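Asks: Sequence:
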Amino acid sequence: MPLYDFECAACGPFEALLPSSERNLPRACPACSQPMQRLISAPRLQSMNSHQRKAHETNERSAHEPRVSQGHSCCSSGSCQHKPRADGQPPALKQQSGPRRPWMISH
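Take 1 as the starting number for the sequence shown in my numbering and just add one per residue.
Hints in this document: simulated from the structure, not taken from any laboratory. Bear in mind that the values here come from a model prediction, so they are computed numbers and not experimental data. Be aware that a few hints might be false.
Said to hold, decoys possible - DEER-style ranges, computed between Cβ atoms:
#1 ASN59 <-> ALA31: 34 to 40 angstroms
#2 GLY12 <-> SER50: 29 to 35 angstroms
#3 GLY88 <-> GLN46: 54 to 60 angstroms
#4 ALA10 <-> HIS56: 31 to 37 angstroms
#5 PRO26 <-> MET48: 29 to 35 angstroms
#6 ASN59 <-> SER21: 16 to 22 angstroms
#7 ASN24 <-> SER47: 45 to 51 angstroms
We put the beta carbon where it would ideally sit given N, CA and C, even for glycine.
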């Protein structure tokens, strides 16, 4: 749950841990019960460790710039063996020789 900043006119600012779904609901000050306003503040990136900061950056990047695969991992050198056949059919699957599950012992 995120930590939100609020300010009461009588008591001053304080923080509250709330579910995201309740962020826009009206709140009353826990001390004096007067209505209060939610404050918008800058994220506290300085207090995060570098691993958390990197995770946030990756998440933000993937939201609008997802990485797209350019091919098979075996094809990075340009020697792709997944080429279509001359007759237009997909490559045939490899046939397995010998027992299908050599690790299984029959009873």
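Asks: Compare the structure with each hint and give your call.
Replies: Hint check results:
1. ASN59 <-> ALA31: 34 to 40 angstroms: At 36 angstroms between Cβs, range holds.
2. GLY12 <-> SER50: 29 to 35 angstroms: About 33 angstroms separates the Cβ atoms of GLY12 and SER50, which means 29 to 35 angstroms holds.
3. GLY88 <-> GLN46: 54 to 60 angstroms: holds (59 angstroms)
4. ALA10 <-> HIS56: 31 to 37 angstroms: holds (35 angstroms)
5. PRO26 <-> MET48: 29 to 35 angstroms: Once the Cβ atoms are compared, 30 angstroms apart, the range 29 to 35 angstroms for MET48 and PRO26 holds.
6. ASN59 <-> SER21: 16 to 22 angstroms: holds (20 angstroms)
7. ASN24 <-> SER47: 45 to 51 angstroms: violated (25 angstroms)
Consistency with the previously given hints fails for number 7 only.
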